[in-house]
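J.: Generate coordinates for the entire structure from the input sequences, incorporating the hints supplied.
Each chain, letter by letter, is given below.
There are 2 protein chains.
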Amino acid sequence: MRLIRSGDIPSRKRDSYRYITEPTTPQTLVGRALRSVRRVLIGRPLESSQAAHQHLSKVQALAVFSSDALSSTAYATEEILLILVLAGSAAYNYVIPIGIAIAALLGIVVFSYRQTVHAYPQGGGSYIVTKDNLGRSPSLLAASSLMTDYILTVAVSISAGVAAITSAFTGTRPYAVEIAVTAIVLIMIANLRGLQESGRIFAVPTYLFVFGMAILIVLGFAGWLGIGITPHRVVDTIPPATHGLTLFLILRAFASGCAALTGVEAISDGVPAFKEPRDQNAAKTLVAMGLILGSMFLGVTFLSQHYHLVPVENETLISQLTRVVVGTSPFYYFVQAATAAILLLAANTSFADFPRLAYFLARDRFMPRQFTLRGDRLGYSTGIAVLALTSSALVIIFGANVSHLIPLYAVGVFISFTLSQASMTYRWWRMDTARRNYVAMFINGLGALTTGVVAVIIIATKFVGGAWIILLLLPFIIVNLLGIRRHYDNVAAQLRLTLEQIRNRPVTWTRDSATVVALDRLNRPAIRAIDYAQTVSGDITVVHVAEEGDDANEMREKWDKAGIQLPLVIIESPYREVLGPLVNYIEELHRSKGGGTLTVILPEFVPAHWYEIFLHNQTAWRLRAALWSHPGIAVTSVPYHLKR
Amino acid sequence: MRLIRSGDIPSRKRDSYRYITEPTTPQTLVGRALRSVRRVLIGRPLESSQAAHQHLSKVQALAVFSSDALSSTAYATEEILLILVLAGSAAYNYVIPIGIAIAALLGIVVFSYRQTVHAYPQGGGSYIVTKDNLGRSPSLLAASSLMTDYILTVAVSISAGVAAITSAFTGTRPYAVEIAVTAIVLIMIANLRGLQESGRIFAVPTYLFVFGMAILIVLGFAGWLGIGITPHRVVDTIPPATHGLTLFLILRAFASGCAALTGVEAISDGVPAFKEPRDQNAAKTLVAMGLILGSMFLGVTFLSQHYHLVPVENETLISQLTRVVVGTSPFYYFVQAATAAILLLAANTSFADFPRLAYFLARDRFMPRQFTLRGDRLGYSTGIAVLALTSSALVIIFGANVSHLIPLYAVGVFISFTLSQASMTYRWWRMDTARRNYVAMFINGLGALTTGVVAVIIIATKFVGGAWIILLLLPFIIVNLLGIRRHYDNVAAQLRLTLEQIRNRPVTWTRDSATVVALDRLNRPAIRAIDYAQTVSGDITVVHVAEEGDDANEMREKWDKAGIQLPLVIIESPYREVLGPLVNYIEELHRSKGGGTLTVILPEFVPAHWYEIFLHNQTAWRLRAALWSHPGIAVTSVPYHLKR
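Going down the list, the sequences are from chains A and B. Heads up: the first sequence at position 428 corresponds to 428 in the working numbering, and the numbers run straight through without jumps. Count along the second sequence from 1, then add 1000; that gives the number in the working numbering.
No wet-lab data here; the hints were simulated from the structure.
Not everything, but these chain A residues come out facing chain B in the computed CB check (under 8 Å): (1) D15; (2) Y17; (3) R503.
Pairs of lysine to aspartate or glutamate, EDC-like flavour, derived with a Cα cap of 16 Å: (4) K593(A) to D1008(B); (5) K1643(B) to D489(A); (6) K561(A) to E1500(B); (7) K1561(B) to E500(A); (8) K58(A) to E276(A); (9) K558(A) to D1015(B); (10) K1558(B) to D15(A); (11) K643(A) to D1489(B); (12) K558(A) to E1500(B); (13) K1561(B) to D15(A); (14) K1593(B) to D8(A); (15) K131(A) to D364(A).
Some chain A residues flagged as far from chain B (calculated, every beta-carbon gap over 12 Å): (16) S36; (17) I96; (18) F476.
We treat Cβ as the ideally placed atom computed from N, Cα and C, and that holds for glycine.
T.: Take a look at the structure:
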């Protein structure tokens, strides 16, 4: 290809030319102002070729991909207790068994996903793994489950983070929703800036949180054993039992606590973002994350049981625990701040995962193709924006209340866990005997089985509380994904032309195809359009709609005197319609000309200032819109620009 | 002109043809549904030629044009008392003198306007009369004063009507604003249906109101004289005096009472709607209206003073007066209902006047030309809709409270009275001595003088309370009217071509003007656009924006194989912009081709269902919008319609 520059005119037929552009500059003041704002918020655009260079170390990756999982320590134990206290103080005997069961489940899931990471070094999200092994329908179930849960993760994490703030500073309580939405917008902007910078932003709070929780738990156990600080008693009385201590209640508490596992799959999705050797680094990070999460969760659960903490409306359990162990000391504020920070940023995991999943789905034509487009900083802007919008809506609808959101949460995660692990199990099974690894197959099988059972428990116990919403939503989403795919397939089938077909197409065009010029009065724009029409065709009809009889006669007289060598049709419209009669006439002319392509030429005048368009009937626009649905009619706007 | 039918092809050059249409039928389901709703609400469209046939008898015209004026009896006395009671019970001595002064003023105004009716049988609104005699600037002051007052009339009348309802049925009080807005919408629909039917609708409540008030006043005076019914005492105590009984307070009370005169000019505006002999019928109706209004106003004022009624928050004065005279009897409910009905319908006077004034202004190019267009039933739909919208906004802002609106009211009316009467005086003065009528000149001069003095009093006494808003608004409106006129004059000057100029224009066109086809991929719409381009020009450049390097190479290969005999320019856009680089390239090509008209041809595919457009990047639309501001670039959309 020959490279051409500004102003070069490509001349030789059949050749192709290259022309490379720099970022363009908007020409209006408003456009430039908007661009400046965008530059400040998001940064300078990156070239497409710079995409591959952003990779994370294990320490960074742990922060980026695990903030969601780790941060659930901040609310998981509280959600267990919230259910158990319905049965009164006797229920406290079950806190620790439930905690251990969840920790064991975590172990199984981590080891299952460890195998996924090795099997899919290019990124093993549930959608990809399920599509690869179980086929289209299960993969769409996995995808839609995950999408709902990503949105919920943002809403839940942000709401919990705001709860940490309002626990410490009670004056901020009325502004919970506003703070939450602001946080979502800030995280959205950070993600539009790109991944590497997010890595840097997220490392600090994640490690501060882990550090703070570690000290809190050590001090808590020391107090338990009578060493060091004497615990401060918190005097909350357990409310009277309203429910019997049934198996159902215990399972419901367990199901609520399973929120602790959300986000565990993030590392397996994000393998390509690791430094080489990707899969090994990712597997190590995954195990490290499992250990940290398990210890923190068990620590908080044991201490909450020991100190007999009671969940209350206006203060989080972590806040209570910290006050019991260290009092309202500076360290208390440090823990609250770190908790708030990691929770607000935990949402970031979803901001990494949702747009990527949407990209995969859009690439497979299950979602609008806008989700495949990369923004200035190479992030999938559409996915990022849609996630921010939907999660903000959830936060507003549920008033930034974690306990109201929890019944909807974790349903999707466990469905996708189950599908992902079942896919891995089947993958081992399909392999020829030489490569089949029975231990690995057992691990994934156990993972699939346990997460499947847990999914059933979660759905059954949370059904009335809100899980039904998700169960209605999932088929709705799947039907839409399939509908979009069907549409794109239809379109592709209708638009496709092989090179063979292009080469062999019949050449039937003539230089005098039927052309209509519609005009309002005989002024400069109209004459320009008439002259233009004569450059494109020799078969021209000029039409004019007359609303009153006088108008018709006046136009006819002028036309006769103007001496233009074209036929004029005056459409008399006694009911003062303009569009309808014009469209009807054009349709009839099109039919009687034999139905080839008819060109409608519209003079259009462009005022000097945008606000002046309201001072004119935009008949040309409305006519173009009306003709849009008419096959075989090409519409040409011939603009006439006013200078003042 | 030869009449042609559907499908006839006009063939002979230079001829003009007639083609007459019936009302068209929308082709989509939604379009047809909307049309059915419109038919039910507004009725079948009328032909333009049916316009002149709707004329009113004197009895009908009194109802249509006087409901505004007559209905002000319902609140004018109350507004006088509201001011006077600020000075305590001593102020009651001034009620009757103020009432008589206002009645005298009414007499002067009626006789002044009687002369306007005879002088302007084609309709003598203040704008027309002032323009005719004093010139542009005074006429625009009259017009803008009237427009603000028409809007206020709707807001005040509707609010007062709703007050009559909420006085009788206290349960409806919280819904005052909702009831008021609903009433405005219903009146709007009635007006969109057309004048004749409004005449029928409005006659009944107007005469019921006059009848009810007449009986009430007769019974009231009978009670006063000790005949018939014994009045029921209403025990409202006069609140302690907060203001001294100053001249300013008395003038303020007078100014508030002048609201009684609003609407008196309506008949002079509406002379053309009367049956022949128009001016005589109109003059008689005007005098009749003055007599009825004067008697009712004085009756209510005398009785209110006699029974020492005190204005209160939740009940209107008329409601109190009726309860005093007849108790809470069925007749009480009849009077309340008739009052509510006439007030709600009084707004109709403005719905007749505002759109007509806007039409006159738009015809003179001081307002957007949409105000000249007549709707299905020949009403000026834009004016009707704008009045409904702005008055609803006022009702909402002022919470449907009459006393809050009154300080803004009547300012405009008296400014326009003054200008109109001054114009009439000057008109007599200008006449040659033979035709000059000194008595008539004296009457109009007296009218101008008194209304001028009253205008000053109103502005001075209501200034702080709200009249300042009107005084700021009027110059703002006038500046805008002038700006719109300047714009239309500018446009006309730029677009105008004489027949001479058309005949003698240089014919410079060539059949091979520069043409660009922009395409996304080599599919059916693109090939259709390329083939279409070859019907209109022999100088074609095809352009394609490649976002990634691979895309560029793939396109180049396909192009080479497709064997299309046209040059292809591939614009490489490393920053993934599409629009900017394309526009830049087109601009450069346009410049290097010498700047004649360049045609940009855009393949555009039209999905089978409207909601599917969200599944595609509407690059064609966005490109067309971006090119709209580029002089000399014609844009052609070549549609490709999907079937499913």
